[in-house]
Amino acid sequence: MKKKLNILLIEDNIIEVMKMDRTVSLLKLKHKITKAVTADKAFELLNETESYPDIILLDLNMPKMSGIEFLSSLKSNDNLKHIPTIILTTSDNENDLKKCYKIGISGYILKPLKYEDYVKKIEVVLSYWCINELKKY
Amino acid sequence: MSQNKIDIILRNLKEERTARKAAEKIVKNKSNDASIIEELKKSNKALESLLEKKTSQLEGVFENINNGYVLMDIFGNIMKMNDVATSFFGYDIGKESLSVYNLIYPDDLDYGIKSFITLKKEGVFTNYRTRILTKNKQVRWVQINGNLIVDKQNKPIGAQGIIRDITSEKRAEDLLTQSENRLSSLIENLDSAVLLEDEHRKIILTNNKFCELFNIPTSADLLKGVDYSNAAYESRNLFKHPKEFVSRVTSILEKREQVLGDEIIMADGETLERDYIPILKGNQYKGHLWTYKDITLRKKYRESLEAQKENATLIQEKKEELETIVNNTSIGIALTQHGRIIKNNTALQNMVGFSENEINSFSIRDLTFAEDYHSFKKYIKQVTVDKIDNFTFVKRYKRKDGSAIWTKTNVNVVRDQDKNIKHQVTFIEDITSNREKTLIIDLINNLTKSILGKTDIVDIAKEIVNNIAAYLDTDNCTIYLVNHEKNTTEKIAVYGVKMKNKTPVINDLFLPKGKGIVASVAKSGISELIHDTSKDDRYVIDLKKCLSEITVPIMSNGIAIGIIDSEHKDKNHYTHEHLKTLESVASLAAIKLRTAISIREHKKAELRNELLLKKLETSNYELNEYAHVVSHDLKSPLRSIDALVSWIKTDNEGLLNGNTLDNFNLIEDTLEKMELLISDILFYSSIDATTSKNKKVNLNIVLEDIKKILFIPNNISIQIINKLPLIIGEKTKFQQLFQNLISNAIKFNDKEKGLIQIDVLENKSFYQFSVKDNGIGIESKYLDKVFKFFHSLKPSKESSGIGLSIVKKIVDLYQGEIWIESEPDIGTTFYFTLKK
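Protein sequence lines correspond, in order, to chains A and B. Numbers 186 to 322, taken from the numbering used here, label the letters of the first sequence in order. Numbers 360 to 1195, taken from the numbering used here, label the letters of the second sequence in order.
Treat the hints with caution; some may be incorrect.
Unchecked claim - Quick list of in silico lysine-lysine cross-link-like pairs, DSBU-like style, CA-CA up to 30 angstroms: (1) K1144/B with K1131/B; (2) K1168/B with K974/B; (3) K1008/B with K217/A; (4) K614/B with K640/B; (5) K1090/B with K287/A; (6) K1106/B with K299/A.
As the list claims (entries may be wrong) - Chain A residues, not near chain B, derived (Cβ > 12 angstroms throughout): (7) E235; (8) K249; (9) M250; (10) E318.
Don't read these hints as lab results, they were simulated from the structure. Predicted model, so just to flag it, every value in this text is computed and none were measured. Heads up, the beta-carbon is just placed ideally off N, CA and C, and yes, glycines get one too.
Work out the full structure: start from the sequences and follow the hints.
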């Protein structure tokens, strides 16, 4: 776990953000997590920064712009569409699943009920992306 | 009677007279028979004594007889012949025995035997005529008179006969008969009646024609010898002037002078010509010949010839009469010669608008349209080639103003004696008005054709309106559809409207039924012809004020389904003819509209269905999405609570007492149950939504998957008895179905060794599945409650109370049925069917 990932977490639920923070610190990971409460905020961040995140963790059910709408915009933007995007959601709606894969995602993770299960899942996901070769800027 | 015929008759009469003389002579000779019989009697007596005495004195008796004498025994053996007989027959009985049967000519043998029998019976025979064969095979005619010879006991012992050679006599007789026959057949076949009478007015000869003319009901032969002296008087009533007839006959007979060509009129009107020819022998009057001839026909012909001469003046009158008719008839008449008109009548002049002289300067061709001339020539050719004498055809004639009249033209050819065409009489009937009727038929025909393939109600109505408006000479023509349910009429085609405006049907033109003449007809179903709308208070101004209106319903099954309506600005514009035509059009339209209406309704319904289906799909989708959103919104807080509880527990590890920890655990259990509930509800609500396509699902694989997913305690075994089928549907649903039933069976099993058996039976249209357990069973009073929502018989952590509701809903989705057989403590079997 030497690699430090630059992660963009797009999540409107404050407790979910806390869960991620707590999980990363629990697992003693050194990843840099940038948080965006809305999709609009996320675009702002992506446009401001000169270095793009390594991966994006995206919630689907959000007020204003939904996760799928954000994904569509992202994947139609030539500068941004390379960023692997992993869906992190409570929705096991098949339609959502299909749509996301169609647009282009790098993973679809269901948030489990129990926090311990959540930690296990996030640990696997992050460790997976740690061993991936990612685009350098 | 011609002189020639008279000569023939006279010659025949002469011949006959000669023959008669010969015959008379014979008759005279015949009287000798009496002496022969005397001789016989004499010889008889002599014979008797001869036979008795057996003397030979008989020779002398024979010698005394001039004719041949033959004596024979009772068997026909000749006993004696005199010299005459011996030389006649050529046999000498002294040298050879001879039987009469050898003598008789073979053809006459029957007659001979019969005569012999007669002789035996009666003892005597006279004038027995027969042919005999002489020894040198000559055939001779003989006459035999003979008698039987009896002994004293009156027993016949023989016969004797006098034989006379009548061969030459017979020949003369035959000649006479032949000539008589010839004469009588000649007379019989004369077409004149002949009556030959002798000086005493006894009939010598007459013929059948005579009998026929004077209604004598016997044959002419039987009249011979009849005394006819009183005939004229007796038959006087056969004649028109009986008295004159009798006196004329009397005077002719008195004068005994030839009378030729007397005309006699019979009572029945026939006319006879009579000749009277006296027959004189030297100066001696010997009789007379009457001949009668029927000249009725000849007379009538002569009379008619005379009558014709008289009629000449009458014909002139008739001709004038005819001329009047010709000039006053409504049929045009033209007399043509070689195609040129030489005579014509007033009617024809009126028809074509030319004067008499103008027409007479024309040929038929001048009055004929070029395009009609060809067909006319065809008929003319038939007249010259096929010799037909008249023909009728429909043709147009040119009028003076250039317009055409339609006519039925009948041409009659008048030929001379050599069959050459003398002239032609042409009758020309104006059928222009008839033709208008034909036009109506054409209108209907065209209409039929133009709406034939159309199914769209508006298209059909449009065609009708366009066709009719021209025919009715108006620009106001509308077709309405009647909606009896809504009590409205709807304009579907208006003449002229769509020409300005492409949008076809104007829905805002609804006219409430009950107002206006259209509405009235829609209600009554009876056509209306309004000559003056200002006098009809039902009239409602629609587009503009019109004074006449014609309204005809389009009827179907006794109710008006549509209305054809037309208006015209003038009064009295529409005629009864128009009404009849529109009714025909309406009945035609009815057939098409009925189909079109049903198609239209069908399409409308289809469209509605399509919309509904789309709406339903959308709302289904939305509902499904909504369910997911709701479930997310409900599940999120559960995750948060769980995370928070988990953190509190971790952050305060070792600080919390046992009771608090238990409560935290209860919170976590409750959260799990809540999560399950939300998931189940979500699933239940999304059963109807088809999220993926139907595929063939192998239930064996589904069951294998379930066995892996479910936690199956060691004491419970699952058996699949028959191989499960492939079934079409969504895999997740079948999985949920079996999973729920099996997990229930596991959950409610209290036995040491739990057994779950899954089986299938194949039916024609469905499969029947069963999931059988040996669990706690269900009391019968709960059986009908198990499928109800949120109904759990045994509250447990893993049970939401929705499981069986989901099962039921899936079975319903695949048009199956589900039922339960259960006994408490023994077990439960769930049966369900799925459609193939």
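Hints versus structure:
With a C-alpha separation of about 19 angstroms, the suggested pair K1144/B and K1131/B falls inside the 30 angstroms cut-off, and the hint holds. A C-alpha spacing of about 22 angstroms is found between K1168/B and K974/B, which places the hinted pair at or below 30 angstroms, so the restraint holds. In summary, the hint linking K1008/B to K217/A is supported, as the alpha carbons are separated by about 27 angstroms, within the 30 angstroms threshold. Our distance criterion of 30 angstroms between C-alpha atoms is met by K614/B and K640/B, whose separation comes to about 17 angstroms.
Taken as a hint, the K1090/B and K287/A pair is honoured in the structure, with Cα atoms around 22 angstroms apart against an allowance of 30 angstroms. With a C-alpha separation of about 23 angstroms, the suggested pairing of K1106/B with K299/A holds against the 30 angstroms cut-off. For E235/A, the shortest C-beta to C-beta distance to chain B comes to about 34 angstroms, beyond the 12 angstroms cut-off, and the non-interface label holds. Interface exclusion of K249/A from chain B stands, the closest Cβ pair being 15 angstroms apart, more than 12 angstroms.
Listed as outside the interface, M250/A is consistent with that label: its C-beta sits roughly 15 angstroms from the nearest C-beta of chain B, beyond the 12 angstroms cut-off. Every beta carbon of chain B lies more than 12 angstroms from that of E318/A, the smallest distance being close to 33 angstroms; the non-interface claim holds.
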